[in-house]
Each structure stands twice: as structure tokens, then as C-alpha cells.
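Enquirer: The chain contents come next:
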Amino acid sequence: MTKEETNVSNKTIDSIMLSKMFLAGAKNLDSKKEWINELNVFPVPDGDTGTNMTMTIMSAAKEVATLTSDDMETLCKSISSGSLRGARGNSGVILSQLLRGFTKVIKETNELDVKIIADACEKAVETAYKAVMKPKEGTILTVAKGVSTKARELADAGEEDISKFLEEVIDYGNKTLEKTPEMLPVLKQAGVVDSGGQGLMVVLQGAYDLYLGKDVDITVMESTVTPGVSKVDSYKESIDSEDIKFGYCTEFIIMLDKAFNIKQELDFKAYLESIGDSIVVVADDEIVKVHVHTNDPGMAIQKALMYGSLSNMKIDNMRLEHRENLVRHNEKGELEVKDDVEISAVYKQPEETPEPVMEHKDDAFIAISVGSGMDEIFKSLGVDYVISGGQTMNPSTEDIINAIEKLNADNIFVLPNNKNIILAANQARDLTSDKNIVVIPTKTIPQGISALIGYVPGSSAEENEKMMTESIECVKSGEVTYAVRDTMIDDKEIKSGDYMGIGDGKILSVGAKLENVVLDMIDNMVDDSTELISIYYGEDIDESKAQSLVKKVTKRHKGCEVELQYGGQPIYYYIVSAE
Amino acid sequence: MKKVAVMTDSNSGISQEDAAKLGITVIPMPFTIDNVDYYEGVNLTQEEFYKLLDAGGDVLTSQPSPDSIMDAWDNVLKTYDEIVYIPMSSGLSGSCQTAYMLASDYDGKVFVVDNQRISVTQRQSVIDALELAKRGKSGSEIHDILIEDKFSSSIYIMLDTLKYLKKGGRITPAAAALGELLKIKPVLQIQGEKLDAFAKARTLSSGKSIMFNAVRDDANKRFGGLDPNNIMIYVAYTAGTDVEAFEKEVKEEFPEFEITRSEPLSLSISCHIGRGAVGFACIKKLRYDEC
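Keeping their order, the protein sequence lines are chains E and B. According to my numbering, the first sequence is numbered sequentially starting from 1. According to my numbering, the second sequence is numbered sequentially starting from 1001.
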């Protein structure tokens, strides 16, 4: 499409244009999410800002793509409610608040001009800052503020040309982004810009590219979002699995330059997972057979070329077969209907559905957990609904709201158990009106366990909130995983593939030998007042290995009781608490 | 003035020797362990009891037989006009109910006080009853005073294990559901009817601070102020506890208070909570001259 066709005036943007720009922004984020994930300060395998922001914006894009009415107010409603409910991770929540604030202003109009956009940007920033308890500079918030300040400045100076306006605003946003390492020392040391801020700029750039008439493919997006074929896969993480998400069945063989090591194989798989699903990677010394469903076969091929030359390539468009199906669904039209269909189809978590009719309780608990062992531990502590966080996926606001809706209780305590889920949980609380939701800001799984132990039946919700929050203070947490890239943090040099012990926001130990890293980390956590060390071993650890670790820990810390539990969590070999 | 005698059972922690000194009668609680009958403090000491418990002995608590109660009453009524009988809490044993029933045959001479106490708090009721009798109160008056005062005490106990409590079925379902997987030390509250889970702890120090705070709260909110003139503090425990260390900590927490260490908790409680439990009680002082 060209600019002339879609936009007669260069001083305004109408709702049709805005809808396309929004989808293009979302699409651009989707295509770069893996890159944004890698900007994480801690080089952990589940650093997933890109994924979280993408899932947030996709949730809105789904609603937008299926709109039949093209008035501004309906569009705004879709963007706002879709992103709020789909919000995952801190950056995702902030993005959803930016979109909410932005649409609050523009829904009153039919066309956007420079002045309205500047007003909307200001409202967006104001709304997002309010959503964060302690706003930090050097983050997505700062970048958004930069964008908004520049927009205001240009509008006040009388700029009317949208194209020029957007160009300057985005340019200024990028400059602000580049300054984030100066504002946040952790970014500087890690040698990255803020990932959330980068995500925001990617969205804006995508929208701007479409406006300029660049060849932006947003059709993929539209088919991506159609709730066409459902229940094809049995993937746990529901949001994507119910849709035909990836259009091209891509297969090829890599003739390896040199044999794959385990790390390369895992990296390659992880990469494919970031661009598609239904992945099969079979490697021997000379060749790797690859099968993936993706929207961008080119990306899979390009990555594969890093390892060798390719043969037996075959790419099929799977959507052609499903077109009829898609059209039928699209004809249904009404957003409300879509909404219902989507929510019931997409967010079902069959294996975790509690008893259909739950007896009414005064207090109920929702915990976000990872790993089958952890799920059991939480249930044994009285948790009524366990939301499985999945491998690298944070649950969305919507997932938490759905859990809340299933529980028949006056007070519901939500334990996010991850610092990146707290905002989404708060958002779920704010979107719930018929129950008293108390979010206990637990940042780690051990904190969640402590909070539950601190609960006293029969006390009021306020008293329990206080006691549970106080209990968090009594426990130190540590987690051991591996680094996904070289970096420098807390003055420790970290090499890709190293094991890292991370404790309450700090790197406690680094090294090439897992057991030493765990022991070092525990040494750093334990002090004179420590009585109990609890070790939760992950799915990749043998019980016998964990037991031999316990023996060593017991020997090193004679005054402490050491308890071993199977957590079954992925990615984190060990989660440890000291109290 | 009527001569009023005071009686209790061995759950009060009052030994037969102390009973003789106080001039009261203490009915020993019977136990059946591996089909052999024992009487607490008569032919069963704490050490013997735990030895049998540790050996996995099948410990059954029962209540004093009607015979033994009536014999004791009849005996006392030869020299006294009335009896105030303070058995262990009706929530924990049926012996109170039995005593009520038996008392109806005694023409209003025996007053059974169901003030739902046990151990140190039950003991304090005995002391209070003796003092009131000395001051000329009748059995009926003493009964009413103690009943009115029944909720002005609480006991908190932190257990090392839930094993025996589950076995005995003496806790509310909520408490029984605790700690299936993780090691958790429950803090129980004895208040009124039942042993109930009050809070949970994973370490000794956090359990202790829970108990300290709970006692402070009770004293301030329910018993009219945390004041040495108003509140008595007791340390209670079962065998296998470093009670000296705990008592020292309690003294540091409550420096103005005189801390009384009770005898180890009676066997009818011990068999439910096991070794290594530390407890802590506060009792509002009964003002005799205001009664």
C-alpha cells in the first residue's frame, strides 16, 4: 500500500490508518522480540521482556484485527482492554498502561493531528507512571516521557506535518533510549540499553514505517489472530496454541560445518521456539534435521546458515488450507462475540481447573508457580489455584483474572512469586471489583512459601496482608541458572554458559561448575541467625545429585537444618532459601 | 461458713506431693499403653512414658473411672461440706462431662468447673479456688467466679512435629492439613474448646517471636494490658526441650515480669504433641478482693 492510497492528508491520521499502524507496530515488536529478550540485564535464560511485551500487544492486536466497525472509539476500546488484560511482565504492564492513557485521549476524536497526539502521549506517560509504585528512570517510562516531551515541544512549535513530527519524535525517543545506560548503572555495566524502552521504540518504528507506506506486512498479523483452528496442539501455554499462529511449515537439513554441541543445539531450539512452534531438531555429528512452523521461514534459514549449508528445503503455506475456516469466523463479526469465544477458548487451563463448584471460603490463595514439585508444595500449603508460569512465560493479567473468577471467596491473596509478575497481579486486582484481592509482592518462590506460612487463619485480610508481607522479610532466596551471554554485573565477569547464583536481585556466585556455584551462593546467603536451608531442585537435576549436594551443605553449615524438596522447575537448577 | 475443698486432675501439672502440700486432691489420669493401665504420677513417670511412646507404643488416654472420682469425692466429703472440682477442659477430654453427671447425685455439694483450662492455666484456677475458699466463698460462688474468668488465659505451644497430633485426632481439620510436604512447626493455641492451629513457622526463632507477639496481643487487647500487676507469664514445655534457654529468652522479652516455669506438660497433652514442644502462657490475674 502507498501513503497516497491510505492517507489523503498528511496532517491527520484516521482510525483505519491508526488501526493499521497499531498492527504494524505490534508486528514489528513480534519480529524483534528475541533480540529484545537478549537485552536483559541479568543474562538469564528466562529474560523475556520482548516476549512479554509482544504477548501484551498481541492480545490487543487480536481484538483490533477482528474489528468490523472502524470508528475510533471501538478501536481505542480494543487496544486498551486487549492490552490491559493481556499484559504480562512489568514492561508489558507498563506498555498496556501507556496504551490505555493514549487511547483515553484519542477516543474522543475522529482523526488525530499533531496536537492530539501530543496530548495523548502526555496522558499515556501520566497513566503509566501512576501504575508503578516506585517509578525508576532509565526504563521504558523514561523513554516514553522523552517521546511525550518531544511531541509536546513540536506541537507547541506549530508542527503540523505528521510524517515530520513522527520522525522527530521517534528520533528523540531513540536518543533517550541510548541515554538509559547513563541513568541506570546496571544497564551500563551490562552494556545494554533498557529492554522495555527498546520494545516501545520498536512498536513506534513499526507504526511509523507503515505510515510512510513502507512495505510492511500486516496480513500475517491478521491471520495470526484469527481464532481459527483450535485445540490442534496440546500446549500448556494457552494463548498461542489455540490459534493457527505460524503459517509456514518449514523443513530442511543442515549439513554441519562442525558437530553441534549441546549448548548450540539448545540455543538453536530456543531460537526456533522464539519464531515458531511444532519444533523438531534431530542432530547427529554431520547433519541436523529441522522442522518448524513459523511465520518467517527466512529467519529459521538464516539462523541455520550459521551452522552450515542447507539441503532438502521445503516450505508449505499451511494457512491456505485453513482459509475457509478463517473466513467463516471472520464473518461472525461482532467484537463481543469474538471476545467471549476467545477467552473461553484461549484461556482454559484444563489440568489446573479446580473442582467445578467450590465451596465458599473467607480466604483463598492463588500462587504463580513453576514446576510440578513446586505446584504440589503450594497446594500442600493451602493454595487453591496454582497458575503455572511455564518455561519462560509470565502469566498475563488475564490469566490471573481468570483464576480469581474461579475462586469463590471473599478475600483472595495473590502470590506472584516473581518480580516480573507483581505488576500484572496488581493490574488484575485493579480490574476486579466483586472480591477483595490482596497482592502480596513476593518476588521469589521462597518468598511465596514464607508468605503462605505467615498466613494466620481467622485474622482479618488486613492483618494477614501485614503478617504475610512481614514474613517475606524473614527469608533469603537464591536461584541458580546459566548465563546466556557474556556480561559484567555486580563487578563479576560472567561468560555465556557459566552457572550463576542469583540472590534477591544480586549475583552471588559465578562459575563453570554447578555444584561450586550452588555452594558459594549458599555460603553467601547463610549467616549466624540462619536455622533452615531449603533446597528445591529443578527438573534437570537428578535426585542423587541433589542429595549429595545436601550432604555437602550440611557439612559446611553445621548449625543449620537442611531440607531437600523436588521443585521440578525448568531453567533454574536449584532454588534455595535460607531463614 | 462452709468448708470448701478443691480437687483437680493430674493434667493441672500438680504432682501428688504438691497436692499434699496444698491440701488438695489430684486425681491421676489413667493411660493404657500396650494394654497395660497406668496412672499419671502414680506409676507412670514422664521418662517411662516417653520411652513407651518412642518405642511406638499404642498410647490410649482415658478418663478417670467414675468409681475413682466418686471414691475421692466421698472421701473428701467426710471432712468438707462442698467440693470444687476442676477437671481438664471439656474440649480435650470427656472426663468433665462424666464428672458433671456424677455430681448430680451429690445434692449440690460438688461443683464441677468447666472453665476449659489445662496445664498451667488449670493449675492457676486451682490456686485461685483455694484462695477464694480461704476468703470464705462458697463452692457455688467459686464456680461462678472461675467460669466468668474462663477466657482470661491463653496458651501457645510450638510443636516439633505434627505426628502425634494427627494420630490422636485432637486438632481441628484446618490444623491437621498443615505441613504435608515441607517441614513446618505449627504454633498451636489452646483456648477454650480445642487445640487449634494458630500460626506456622519454619524455624524455632520465628515460632518464638510469633508466640511472643501473640501473648502481647492477648494481654493488651483481651486481658486489659500487659502489666506485671495484671498478667502472669508461664513457660511450658514437653520433655526434650532446652527449657532453660527458652526461659532466658522469655525473660529478655518480658523483663518486668516474673516468669514461672511449669512442670513439663502433663502426659495427656504430651501424648498429642510429642517431645520438643515449647509453650508459653499468659493468665490474667484474678483480683480476689474484687470477686
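Errors might be hidden in some of the hints.
[What the hints assert, rightly or not] Subject to a maximum C-alpha distance of 30 Å in a straight line, what follows is the list of computed BS3-like cross-link-like pairs (lysine-lysine):
(1) E:Lys466 with B:Lys1051
(2) B:Lys1021 with E:Lys379
(3) B:Lys1208 with E:Lys134
(4) E:Lys558 with B:Lys1150
(5) E:Lys506 with B:Lys1248
(6) E:Lys551 with B:Lys1003
(7) E:Lys443 with B:Lys1183
(8) E:Lys443 with B:Lys1208
(9) B:Lys1051 with E:Lys558
(10) E:Lys361 with B:Lys1251
(11) B:Lys1208 with E:Lys551
(12) B:Lys1208 with E:Lys555
(13) B:Lys1150 with B:Lys1051
Please keep in mind that the hints were generated in silico from the structure rather than gathered at the bench.
Enquirer: Does each hint hold? Answer for all of them.
Expert: Each hint tested on the structure:
1. E:Lys466 with B:Lys1051: 43 Å, violated
2. B:Lys1021 with E:Lys379: 53 Å, violated
3. B:Lys1208 with E:Lys134: 34 Å, violated
4. E:Lys558 with B:Lys1150: Not satisfied, since the Cα-Cα distance of roughly 45 Å exceeds 30 Å.
5. E:Lys506 with B:Lys1248: Between E:Lys506 and B:Lys1248 the Cα gap is close to 38 Å, so the pair fails against 30 Å, i.e. violated.
6. E:Lys551 with B:Lys1003: Roughly 67 Å between the alpha carbons, so the hint for E:Lys551 and B:Lys1003 is violated.
7. E:Lys443 with B:Lys1183: 22 Å, holds
8. E:Lys443 with B:Lys1208: Holds: E:Lys443 and B:Lys1208 sit about 26 Å apart, inside 30 Å.
9. B:Lys1051 with E:Lys558: Measuring from Cα to Cα gives roughly 28 Å; hence the hint holds.
10. E:Lys361 with B:Lys1251: 40 Å, violated
11. B:Lys1208 with E:Lys551: 28 Å, holds
12. B:Lys1208 with E:Lys555: 27 Å, holds
13. B:Lys1150 with B:Lys1051: It is violated: about 35 Å lies between the C-alpha atoms, which goes past 30 Å.
Violated hints, listed in ascending order, are 1, 2, 3, 4, 5, 6, 10 and 13; each of the other numbered hints is respected by the structure.
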